[in-house]
Amino acid sequence: MTASLALAATGAVLIAAGVYLFMERSLMRILAGLLSLSNGVSMLFLVSAGTPGGASFVADGSDSSTITDPLPQAMVLTAIVISLATNIFLLALSYRSFQLDGHDEVADDVEDAIVRRRAEADLTSATFDETEAGIDHDTDLDEAAVEAAAAKAAAKEQKGSGE
Amino acid sequence: MNVDIPQLLPLPVLIPLIGAGFALALGRFPRMQRVVSSVSLSLVLIVAIILLVTADTEGPQVLWVGAWPEGLGIMLVADRLSALMLLVSSVVTITVLVFSARSDMDEASEKAPVSIFHPTYLVLAAGISNAFLAGDLFNLFVGFEMLLFASYVLLTLGAPRERVRAGSTYVVVSLLSSMLFLITLAITYAATGTVNFAQLAERLQGLDPGMQLVIQLMLLVVFGIKAAIFPLSAWLPDSYPTAPASVTAVFAGLLTKVGVYAIIRTQTMLFPDSTLTTPLLWVSLATMVIGILGAITQSEIKRLLSFTLISHIGYMLFGIAVGNLAGLSGAIFYAAHHIFIQTTLFLVAALIERAGGSTRLDKLGGLAANTTLAALFFIPAMNLAGVPPFSGFLGKVALVEAGVELGTWVSWAVIAGAIVTSLLTLLAILRIWHTAFWRPLPEGTERTNKTLPLGWVLTAGVLVAVTVAMTVFAEPIFEFTERAAVDIDAGAYAAAVEESIRKLGTP
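Protein chains in written order, with UniProt numbering: chain A, 1 to 163; chain B, 1 to 507.
Just so you know, the hints here were simulated from the structure itself, not pulled from any lab data. One should not assume that every hint holds.
[Stated by the list, open to error] Simulated DEER-style distance windows between Cβ atoms: (1) Ala465(B) with Arg25(A): 54 to 60 Å; (2) Pro69(B) with Thr66(A): 15 to 21 Å; (3) Pro209(B) with Asp122(A): 47 to 53 Å; (4) Asp108(A) with Ala369(B): 34 to 40 Å; (5) Ala113(A) with Pro69(B): 25 to 31 Å; (6) Pro272(B) with Tyr95(A): 45 to 51 Å; (7) Ala92(A) with Trp409(B): 49 to 55 Å; (8) Ile67(A) with Pro476(B): 51 to 57 Å.
Built from N, CA and C at the ideal position, the CB exists for glycine as well.
My request is simple: use the sequences and hints to build the entire structure.
Structural data, given as structure tokens:
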């Protein structure tokens with residue numbers, strides 16, 4: 001089987017660009033990345049079809065060895081339809097995110113951030129039962145203050161890095 | 001009446017899809033939608049039972065859709081493994097549908113458009129069935145895409161802020177895994193000229209070992225993302241808990257297990273002489289331990305359960321990595337057990353949210369006064385942690401035995417990890433029990449005294465009963481999974497496909 005190097009190279013470039021854009025936070029850029037990525041992948045399917053040949057129609061008595069392998073084309077058509085649908089969904093999601101928050105960035109895990117903040121502020125888990133463990137002091141207020149300060153600092157830090 | 005059994009194979013995919021069309025058209029009549037959904041899913045359940053019995057008595061059933069010559073077209077296969085998974089998934093989808101009959105009404109009054117729930121749910125069911133019955137890699141991809149697309153919609157149902165945030169992560173991660181899957185497909189086709197499992201099994205053996213390893217690793221990564229195997233699991237605990245309760249329950253129970261099924265299918269069929277036993281063992285150990293450590297730090301019930309979900313995927317991966325008969329049989333049993341148990345626990349979490357007004361542990365307390373709820377939580381919780389005599393314990397024992405049979409020091413390390421994980425699961429679960437049920441309500445928290453809808457309690461009760469039944473009938477189930485493992489080992493699947501190709505040639 002001989003395959004076209006130009007197709008493979010184009011596919012590689014498109015996939016590389018797509019992956020790079022995929023690493024971004026903004027959903028619009030991710031969408032652009034997805035477009036490039038899915039086109040690159042389609043190229044790979046054309047490469048996997050092997051030696052290019054005539055259109056894949058077989059009439060009675062025609063030589064089927066001179067035509068292009070039709071199966072990858074069938075697969076790539078399915079893949080194109082699916083990625084078209086996902087692109088539109090991502091577009092809608094991005095718009096909705098913009099509508100709600102004024103930006104379309106993929107956010108961090110909120111609960112994870114809480115656990116991390118508590119760890120940094122050296123607090124016990126929110127559900128740790130102090131009376132059970134024999135620690136009998138009323139630190140709820142202090143705790144809340146410490147946590148609020150930590151949250152503030154974290155928010156500031158995020159803001160600072162965002163600018 | 002004489003029915004050609006293989007002709008039933010497309011039905012688990014077709015019925016829900018047709019039902020989805022009707023449900024979409026009936027968008028203004030929620031009651032009719034419910035009738036359509038429950039009728040289609042009940043039909044699927046009946047077909048799944050027939051397929052399971054047939055696959056068990058007469059061997060794998062094969063259907064070439066469209067009857068293209070020489071193994072070109074789409075093929076659907078039900079062997080013991082896929083028939084079992086199909087049956088389990090249809091039981092879960094229909095039970096959760098009954099559960100959601102009430103919860104989606106609640107959702108409707110709050111924020112979500114329900115008219116879209118039923119059609120999407122049916123597409124999800126069709127996608128899951130398609131993934132289980134697919135006889136080639138590309139059809140498996142299509143099945144995955146169907147269920148993923150439905151899951152995108154269900155996860156962001158109504159598109160409130162929290163779900164859009166969690167949904168974007170989920171969608172982006174899933175899209176990346178789909179793209180990787182496509183790349184893998186292109187590579188596989190270029191290398192072998194086929195995507196059919198049975199033909200791949202034969203042709204991959206002739207390939208260069210390095211090329212085989214590339215394809216194997218890529219498939220593992222693709223399915224590892226879907227099955228939430230560490231380190232590809234970070235997306236799961238963030239995205240699942242924000243969805244509507246019934247949706248989370250189905251996702252947690254089924255979607256990751258579709259990934260596990262795909263791993264079992266591809267690893268055992270395509271790479272029987274896998275060189276990856278030791279790395280896979282390490283990965284399974286990491287999944288178990290890191291998953292459960294994550295669970296212990298959580299203070300929200302649904303997130304805690306999501307982490308135990310990741311952790312217990314490690315057990316199934318352990319069985320697959322060990323790869324002997326006992327390991328495969330244990331992994332299949334554990335997958336079936338875990339689908340039921342995780343769905344049940346997420347449904348019970350919804351009940352807790354209803355009864356206690358929250359799923360945050362620091363706001364809950366005193367739920368043990370509601371004995372029904374306490375029992376509904378306690379039984380599956382103990383089952384998850386693997387306390388004897390429940391099916392979780394039996395599944396873990398089977399896996400540990402398989403590990404002992406392998407007997408390398410790595411497998412002993414994983415066995416130790418599995419036992420520690422089991423104990424830590426008990427600890428995590430007992431934290432829920434202790435804070436939400438056993439201690440008095442924390443001061444300053446208002447008691448919400450909402451009664452639990454009867455339909456919820458009944459459906460959750462049915463699922464709890466199923467998990468208990470899995471314990472009682474563990475022996476016949478284990479005999480079945482052993483036969484399924486022997487099938488896989490003996491290559492019954494590929495033999496049945498070859499037989500069917502021969503039949504196609506002589507009409």
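Outcome of the hint check:
Distance hint check: the CB atoms of Ala465(B) and Arg25(A) are about 46 Å apart, inconsistent with the given range 54 to 60 Å. With their beta carbons about 20 Å apart, Pro69(B) and Thr66(A) fall inside the hinted range of 15 to 21 Å. Between Pro209(B) and Asp122(A) the Cβ separation comes to about 52 Å, which falls inside the hinted range of 47 to 53 Å. Take Asp108(A) and Ala369(B): their Cβ atoms lie about 38 Å apart, and the range 34 to 40 Å holds.
Distance hint for Ala113(A) and Pro69(B): a CB-CB separation of about 58 Å, inconsistent with the stated range 25 to 31 Å. Against the hinted window of 45 to 51 Å, the Cβ-Cβ separation of Pro272(B) and Tyr95(A) comes to about 48 Å, which satisfies the hint. Separated by about 52 Å at the C-beta atoms, Ala92(A) and Trp409(B) satisfy the suggested range of 49 to 55 Å. In this structure, Ile67(A) and Pro476(B) meet the distance hint of 51 to 57 Å, their C-beta atoms being roughly 53 Å apart.
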